[in-house]
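The chain contents come next:
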Amino acid sequence: MLLDTAYNIGTPEGVELRLPVAGLAPRSLAWLIDALIKFLSLTVLSIILELLGDLGTGIYLLLIFGLLWFYNVLFEIFNHGATPGKRALGIRVMNANGTPVGWSGSLLRNLIRVVDALPGCYAFGCIAVLLSRQFQRLGDLAAGTIVVYAPRQTVGSKPGDVPPVPLKAHLSLDEQQAIVSFGERANFLNAERAEELAAILDPMLDGVDRNALVGHANWLIGERKLP
Amino acid sequence: MNLENVTVELRPRSEWEATDFGARMIRRDARAIYLVWFAVTLPFLALALLLIFFTPYGAWAMLLYWWFEPVADGAILRIISRRLFGEDADIAATLKAVPRLAWLNRIFLLTPYRLHFARSVAMPVTQLEGLKGSARRARSKVLNMKIFNYGIGITAAYEHLVLALYFGIMLIGYAFIPDAYRHTLGDTWLELFWMESNVAAAIGLLTFYLAQTALQPWFVGAGFGLYINCRTQLEAWDIEVAFRRMVQRRAGATAAIAVLALLVMPLLSPPVAIAQETDPDVAEETAEPDPGFAGFWSDDVVVPALESVNASEALQTTQRVEDWQRIRTDDPEEETSKDRGWSRNMLDAFFELFSRAIEFALWIGVAILLLIVFLMRDRWLPYLGLPGATAPSQRRIFLAGGELTAEQLPDDIVAAVRSAWRAGRKREALSILYRGSVFAAVREYGVRLPRSATEGACVGAVTAQTDTSRAEFFRRVVHLWVRCAYGNQDPAEDAVLLLCDEWPRHFGASQ
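If you read the sequences in order, they're chains A and B.
Residue numbering for the first sequence follows the numbering used here, beginning at 2 and increasing consecutively.
Residue numbering for the second sequence follows the numbering used here, beginning at 24 and increasing consecutively.
Everything labelled a hint here was simulated from the structure, so no lab data went into it.
There's no promise every hint is true.
Claimed, not checked - Pairs of lysine to aspartate or glutamate, EDC-like flavour, derived with a Cα cap of 20 Å:
(1) K169/B with E185/A
(2) K159/A with E258/B
(3) K119/B with E92/B
(4) K169/A with E193/A
(5) K169/B with E258/B
(6) K164/B with E258/B
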C-alpha cells in the first residue's frame, strides 16, 4: 500500500471517508495563535478590570479560570471544532470516526491537555503527536479525537478553451479523473511538460497531444460544444 | 528518478498537509534514519564534549555542534528521497556518501546560510538537484514563490519545539533531584541555566542534543514534503503516475481481450463485422437503436446464446443447504402436554426445577441479608433513637480495645483519678476518667454506642444522645485522653483537676 497522509474510515453505509489528519507543525502553530489570543485578551481585560478594584480582581481571576479551561471546549463545540488558531491554520477537531466532536470528547481532550503540557512546554504532547499513528496527543488518544484539515473551498477551475473531443476508449473513474485533472492543470504546466505528459498516453490514444487531451477532458466533464 | 516506482500516494496537497506527508515518510523509515542520525551526529557531539572538558574554549561547544548538525540532515534527506522512489534505505551507502553530501551542502554548514529561515526546503534543491550558484538561486526562486513562507513556518514551529523540549527535559531532570541537594543548585530551577561549570555546559549540550534528536528528522521530513509537493504541483507528477498506470493497465487488458475474443468469436461473429463499420461518433449521438443491431439482438439469436452460456459447466454451481425450521401446527389441541412427547415434558420439568432452585437461592440470600442486618444492630440501632430493647443497666459496652465492664472501674471514679494523678500515673488517671465517663454515659444516661466504638464514635454518640453541657464536658475529657494516649502530650494539672471537680455534676448521678 502506498504511503498517504489521509486516515481512511468506512462508515456503516459503505462510504469510504478520507480524513487528512494534521500533524505537529500546523497544530503547534495553531496553539501558538490561541495562546497569543488568550494572553492579549487577558492583558486588555486586566487593564479594564483594574478600575473596579477588588471586585475587578475577582472577576479577572474567574475569567482566567474560564479562559484556561473552556476557551478550547466552547470553540470546538460551537465553531465546528476549530478555535481561532485552528481556523487560521485550516484545521479542526473531530471524533476519530468522523463525527463532530461532542461535549464529552472536547472536555476530556482539553482536561488532559494538562498532562500533555507536562513537564511544562508541552513536551509530552509533542512526543505523543510524533509517535502516534494519527498525530494524536495524549488528550486526543483518551478522548478518541483527531485533528484534521478542514476541506478547502476551491474555485473549480475548468479545462482550457479547446473544443470537446469524444473519447473512444473505455476508462475507469480514476482514469477519467486523471484526464480531467490534466485538462484543469494544463495551463499551469509548462508547454514541454504538458506535451511530455500527453505523449505517455500515445500507445493508448493514437497521436494524442496536449490540446487533444484537454479536448477529451472537456468532453468528459460533459461539454458538447464550447460556448 | 522513475515515477513508476514511487512508493507514496502523490496528489497535490495543501502545504501543511505536505509537511505531515514528510513526517509519514520519516516514520516509515524511522529505524534507518535514526541509525544514520546517531552515526553522523555522535562524533560531532563527542568533539563538542572534548572541547568542554579538555580545552578552555568550552563556550564554543554548542556552536560547533549546532553548525555541523546539517550534515546529518543531508544524510536523512538522502534516505527519504531514495525511499520515495522505492530504493532501499541503504545505511552503509548513506554513511559513505556523507562527506560528499556535506560538500554539496557546504553553504549550509559554515556560512551564514546556516541561519537560512527556510533551510529545510532550500536543502533539497541544493542536494537533490545538484544545482550551484545562480542556477540554484533561480531554481530556489521558482520553488520559493510557493513554499518559502511555509518553510519559514516549519522552521519557526520546530525550533520552538526544540526549545520547548529542551526546557521540558531540564524540568524532568530537575524534578528528580532530591530536595536535600536541590538547594545547592540555587533558589529556583532557572538557576540551572546560569551555572558556569563544565558539567553544567555538558548537561546543557546533551539536553539540547536530546531535544534535537527527537525533532530534527521530522523537521527535515517536513521540508522535503513541502519540496516534493511543490514539484508534484509544478510538474504534475500525480498525473504522470496515473497516465502510466492507465497505459499499463491497457496493455494488460488488451492481451486479456484478445484471448476472450478468440473464445467468443464463433458466437459473435456478425456483430464484430457490424461494429467495425459503424462510426462511434454517430453511434454515440443517435439515441434510437441502429437497425443493424436491432436484427442481431432479437430473441432468436440471444436466447439460445444465453442458454448455451448458462448450460456451460462453470455456471453449474447448485448447492444443497440444510437448515432447521420450526413446524407450526394450527390445531391447538395438539399442543397439550400429553402429545408433546416425553422429551418436551422432561425439558419443562427441568426448567421448573431450575426456576425453583433459583427462587430458593434467592430466599436464602434474603435470609442471610436479614441475619446480617440483625447481627449488626449495635451499629445502626443507636441512630434510630428508639426506646431500647434492653435496659441501660443491662447493656454491654464494647469499646475499640475490648469490653468495658463495671469490674474494670473503681467505685469512686474521681478519687481514683486524683490518687493516680498525684502518684504521677497520668496516663492511668486519664484512662480511668475516660472509661468512667463512657460507662456512666451508657449506664446512667442511656447512650447507645456502636460496637467497637472508637473515641470519635463515643463523642459522636454522646453528642447526639445527651444534652449539650454533658456532651461538651465529655468532649473535653476525650480531648485530654486522646492527646495523652496517642499524642503522648501530658495535660496541664489544672485541666485534669478541673475535670475531676466537674465530673460529679455531669456523670456522678450514681455516686
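To see whether the hints hold, each was checked on the structure:
1. K169/B with E185/A: holds, 19 Å
2. K159/A with E258/B: At roughly 19 Å apart (the allowed maximum being 20 Å), E258/B and K159/A satisfy the hint.
3. K119/B with E92/B: Measuring from Cα to Cα gives roughly 17 Å; hence the hint holds.
4. K169/A with E193/A: violated, 25 Å
5. K169/B with E258/B: holds, 14 Å
6. K164/B with E258/B: holds, 16 Å
The structure fails hint 4 only (numbered hints given earlier).
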